[in-house]
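Q: All chains should be built: construct the whole structure from the sequences, respecting the hints.
Those sequence lines, one after another, are chains A and B. Residue numbers for the first sequence follow my numbering, so the first one is 2 and each next one is one higher. Residue numbers for the second sequence follow my numbering, so the first one is 119 and each next one is one higher.
Some hints could be false.
Looking from chain B toward chain A, a few residues come up when the C-beta cut is under 10 Å (computed) [said to hold, decoys possible]: (1) Val-124; (2) Ser-126; (3) Asp-162; (4) Tyr-163; (5) Leu-170; (6) Gly-174; (7) Gly-262; (8) Asp-295; (9) Ile-300; (10) Asp-304; (11) Asn-317; (12) Asp-321; (13) Val-337.
Cβ-Cβ distance ranges computed for the label pairs, FRET-style [what the hints assert, rightly or not]: (14) A:Ala-218 / B:Thr-179: 32 to 40 Å; (15) A:Leu-78 / B:Lys-272: 27 to 35 Å; (16) B:Asn-317 / A:Thr-127: 29 to 37 Å; (17) A:Asn-64 / B:Ser-141: 39 to 47 Å; (18) B:Asn-362 / A:Asn-130: 51 to 59 Å; (19) B:Leu-296 / A:Lys-291: 22 to 30 Å; (20) A:Pro-63 / B:Gly-146: 38 to 46 Å.
Hint data in this document are derived by calculation from the structure and do not stem from the laboratory. Don't be surprised by glycine CBs; every beta carbon is placed ideally from N, CA and C.
Read off the chains here:
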Amino acid sequence: MFAKRTLVSRVGSIKPVRFFNSTSLKKQELIIRQDDASSPTIQAPTIERLKKDAGIPGVISPNVLNDVWFNQVSFKLEDLKYGMAESINRTDLESCFVVQSNSLNSNPFLGNRKSASDMMDEYTLTTNNKVIDQYYKVLTKTAKEPSEDLVFQSTSSIYNMYYFLSSLKPTNQQIEKPNSSVLLQTPDINEKITNVPTLDLVKWIDTSFGSLEEFKALFLSSAASIKGNGYTWLLHRFMKPGNGDTRADSKKYSSLVILNTYNHGTPHEFRSGQVSSARKYRERSASLEKIEKGETSTESDEASLGIPTIEEAKDVYEPYASTFEPLLAVGVNPSFYVRDYGVYGKEKYLENVWNAIDWSVVEGRFSLSSDKKL
Amino acid sequence: MSLRLVRSIHTAPRLPLQKKWTSEGIKGLMSAQQFKLSWIDYQDYLTKKLTLNTVGTAFETRTPLAITLSSARKSHLAPVYHYASQAHNNHFFFQQLKDVSETKVNPEDVIKPQLLKMINNSFENFENFKNSFLYAADSLSGNGWVFLVEDEYKNLKIIQCNNDGTPYLYSKNQSIDLNGAIDLADYEKLISHEEKLANKVKDYSLPLLAVNVWEQAYVEDYGVTGKADYLENFWKCIDWEVVNKRLFSA
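A: Right under this line is the structure:
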């Protein structure tokens, strides 16, 4: 019988063979049970504005919202808990969900760091949502671990959806299914932009994209161009502070950027560089093999051991130098819109989403909002 | 002297049971509403978009499959490729469906011996084949297709295609999802595709069976988390006679 839940159907492929006889099995069970007693609570982020059976008026109907948020999130949360319980890095992953007590922060030299060793840690993004910060930590730990696929995917899908649905406010637009004639429509270039962002954001948009018109066109057509599942993000990119720095420097190369992620992809820079390091590893092992065999090492072999190619340099340096702070995401998974807007209605859906963006929420996520003078 | 101008457009094909399914849905698999979404509207959308993207080009008069094959290697034709590949895959999927009341309880009674033997050779037994096929579909984390293909050596294999992947060309199977962690095996596979393409290695795989795991194929009836139920029902609604005929016989 084929398993009803994805969760169950994955058991066979993920669970490692750990047990050889029944005694060791019992021991293992005992340990797991003790762990469970002290395990931290793994929860989904809540969005206060979203209510069951209410939908987001003017954007997403009640049935669809119940399905994609309330139902899907509890489903993914089960996957996440299961994936963490099965993970070989369980303790490390669970530590992301431990709530820090404030009394630890009394040392004036450490600021909001817990210990001196934290000063050596990579700079970490923080938001005003504790649960989202926990999810972010899980992402940093799993984004490059092929064995943590289930944890990464379930975390990332909740994380991404949070940035989408929590950025929307109710509107009085119509949710309707256009017919196929919309495929022949040309956009009206004289149309005035509705739901204009807050003044400070508009300033940033102007310097980063040229104008609000250009921004909206680029943002929405990036979203429309995603054919499968994915999100179009508005991110704030800034130079990653060096070790020990706690604050981002707002003046240095800081700008807003638009980025697409597909399936469970994450917009954060810590996932990048994987292909280039695989390439490097492969080239290195090929060169070493040649040297071991006693074959004369050619110039190109030597080069592959030292100076990176332009491709590698781009892969490695560009993303690492910047940090991407998520401000807004727009999801275009077919499950978000086909039931309400039909297959011809993606543009209509995106237009409705644009008009429902709560720009004050978006601006609130901007870490530089206090000193964002240009 | 006369001048004759001909223009062609792509249109959605009609299924043999289209009229019945439009009003009643496919019994045991999808409601009339779900059928309208994933076949009538979606196929119409794909073919109309294909027309808009191919008008005035050599692709204007070619079938979606022919367009898929000749655009698969050219990244600048990606927009054309998407609609052609999707139109072909979706048609391929709907052609092999039947109302549950019309299918046999035990598929092994309908599958022709030659095919059944191949299945047993490649997957040990039929139950194992079913589980592997549906597991491949269930574990595909985004949208896409899962195919059973017959390769040039008469072996059967299951291919996962992400998004608009096609089973006809190894470099366009799109079976690796690069959006999460990438391990060395994934990278090796990418490199081997590159090398095979450079050496002009051909792919003679032919698909026999497909399942559509794009969200629009099931969300209306099953919800976004109902994929496993949809897949169970799909298995009961396969018209194995169609699959039999797809097996290459010289």
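Q: Does the hinted range 32 to 40 Å hold for A:Ala-218 and B:Thr-179 at CB?
A: holds, 34 Å
Q: Is the interface hint satisfied for B:Asn-317? The criterion is a beta-carbon contact with chain A at less than 10 Å.
A: violated, 18 Å
Q: For the restraint on B:Asp-295, tell me whether the closest CB of chain A is nearer than 10 Å.
A: holds, 6 Å
Q: Check the following: the C-beta atoms of A:Leu-78 and B:Lys-272 are separated by a distance inside 27 to 35 Å.
A: Given about 45 Å between the Cβ atoms, the range is violated.
Q: Is the shortest C-beta separation between B:Leu-170 and chain A less than 10 Å?
A: holds, 7 Å
Q: Please check whether B:Asp-304 passes as an interface residue: C-beta within 10 Å of a C-beta belonging to chain A.
A: For B:Asp-304, the interface hint holds, since the closest Cβ of chain A sits about 8 Å away, which is under 10 Å.
Q: Let me know if the C-beta of B:Val-124 comes in closer than 10 Å to any C-beta of chain A, holds or violated.
A: violated, 21 Å
Q: Closer than 10 Å between Cβ atoms is the bar; does B:Ile-300 clear it against chain A? Give me holds or violated.
A: Hint holds; B:Ile-300 Cβ to chain A Cβ min 4 Å, cut 10 Å.
Q: So, as I understand it, the hint says B:Gly-174 touches chain A; can you test that by seeing if any CB pair is closer than 10 Å?
A: violated, 16 Å
Q: Between the beta carbons of B:Leu-296 and A:Lys-291, is the distance compatible with 22 to 30 Å?
A: holds, 29 Å
Q: Under the criterion of a CB-CB separation shorter than 10 Å, is B:Tyr-163 in contact with chain A as hinted?
A: holds, 4 Å
Q: Could you check the hint for me, namely that A:Asn-64 and B:Ser-141 are 39 to 47 Å apart, CB to CB?
A: Violated: the Cβ-Cβ distance is about 23 Å, outside 39 to 47 Å.
Hints 1, 2, 6, 11, 12, 15, 16, 17, 20 from the list above are not met by this structure, while the remaining hints are.
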